[in-house]
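Working from the sequences, and respecting the hints, build out all of it.
Be aware that the sequence shown starts at 1, since it is given in the working numbering, and climbs by one per residue.
Because the hints were derived from the structure by calculation, they are not lab data. For clarity, every value in this text was computed on a predicted model and none was experimentally measured. Just so you know, not all the hints are guaranteed correct.
Computed Cβ-Cβ distance ranges for the label pairs, DEER-style [what the hints assert, rightly or not]:
no., residue 1, residue 2, range
1, R175, S69, 22 to 30 Å
2, M116, D18, 24 to 32 Å
3, R184, Q20, 33 to 41 Å
4, K136, P158, 21 to 29 Å
5, K50, R184, 21 to 29 Å
6, H83, Q20, 36 to 44 Å
7, Q135, P158, 37 to 45 Å
8, R242, A168, 23 to 31 Å
Even for Gly, the Cβ is constructed at its ideal location relative to N, Cα and C.
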Amino acid sequence: MANNLLAGKRGIISGALDEQSIAWKVAERCVEEGAQIVLTNAPVAMRFGKINELAEKLNAEIIPADATSMEDLENLVTKSQEHLGGKLDFVLHSIGMSVNVRKGREYTDLKHDWMMKTFDVSAISFHKMMQVLWQKDAMNDWGSVLALTYIAAQRTFPDYSEMAESKALLESFARSFGYHFGTRNKVRVNTISQSPTMTTAGQGVKGFGEFFNYADKMSPLGNAPAESCADYCIQLFSDLSRYVTMQNLFHDGGFSNMGMNPALLEG
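The following block contains the structure:
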């Protein structure tokens, strides 16, 4: 249900690959709530995904960008402001990739050059994105920057591999840059720690289906779906969360505070 929570606001949504992507749902909800958006993804991801369909549906511009490239990010931010007609009010970082996970490398036998690529794509890109936004003074006062993360930043999930360290670094960047952005022009920076979600990327992790079911049983409310995560993003982009910053916010049906759920012992 649309309430025009983002009426008159402008933003960038990264990472929409297909209908299963959380970023896809966020983009749809942003437009429903009255925002103007620019979509972006890496050129290689754009070839495999359906972002052109989403752009047509939402009447949104696509500006391709490799999030590890400062030049691409500078172009993205400059062109987005030109297209949208002013500074930005919100930005979503929904980017993550591990070659080690894709190739099935064990955590105790990782290729470290691949690990560095994982960190660059999945976490350092968040700092790069915020640094460009900062240096170009591209955010309106009281704007909101969000990144998607996962509880593996705090707890051990062996098959998540070095993506866990990536998410820990991502969350640290949110706190550190959140101080600077908040002090200068009241921009909030937060991360959302989402339940396991049936996205294209998520399903590529070994044993994901079994773990999805485990988390669903462990969580009193069950796993939070992508659509509900999009709603949470909208709230954090809106003026209803003006004083929330530098937080890692769990959106996981209660999983993060559970020790044991008897439901797991049944049957």
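Checked hints:
Distance hint for R175 and S69: a CB-CB separation of about 25 Å, consistent with the stated range 22 to 30 Å. Take M116 and D18: their Cβ atoms lie about 28 Å apart, and the range 24 to 32 Å holds. The supplied range of 33 to 41 Å is met by R184 and Q20, whose beta-carbon atoms lie about 37 Å from each other. In this structure the hint that K136 and P158 lie 21 to 29 Å apart at CB is violated, the actual value being about 40 Å.
Taken as a hint, the range 21 to 29 Å is violated for the pair K50 and R184, whose Cβ atoms sit roughly 37 Å apart. Taken as a hint, the range 36 to 44 Å is violated for the pair H83 and Q20, whose Cβ atoms sit roughly 27 Å apart. Checked against the hint of 37 to 45 Å, the pair Q135 and P158 passes, with Cβ atoms roughly 39 Å apart. In this structure, R242 and A168 meet the distance hint of 23 to 31 Å, their C-beta atoms being roughly 27 Å apart.
The structure is inconsistent with the numbered hints 4, 5 and 6, although it conforms to all the rest.
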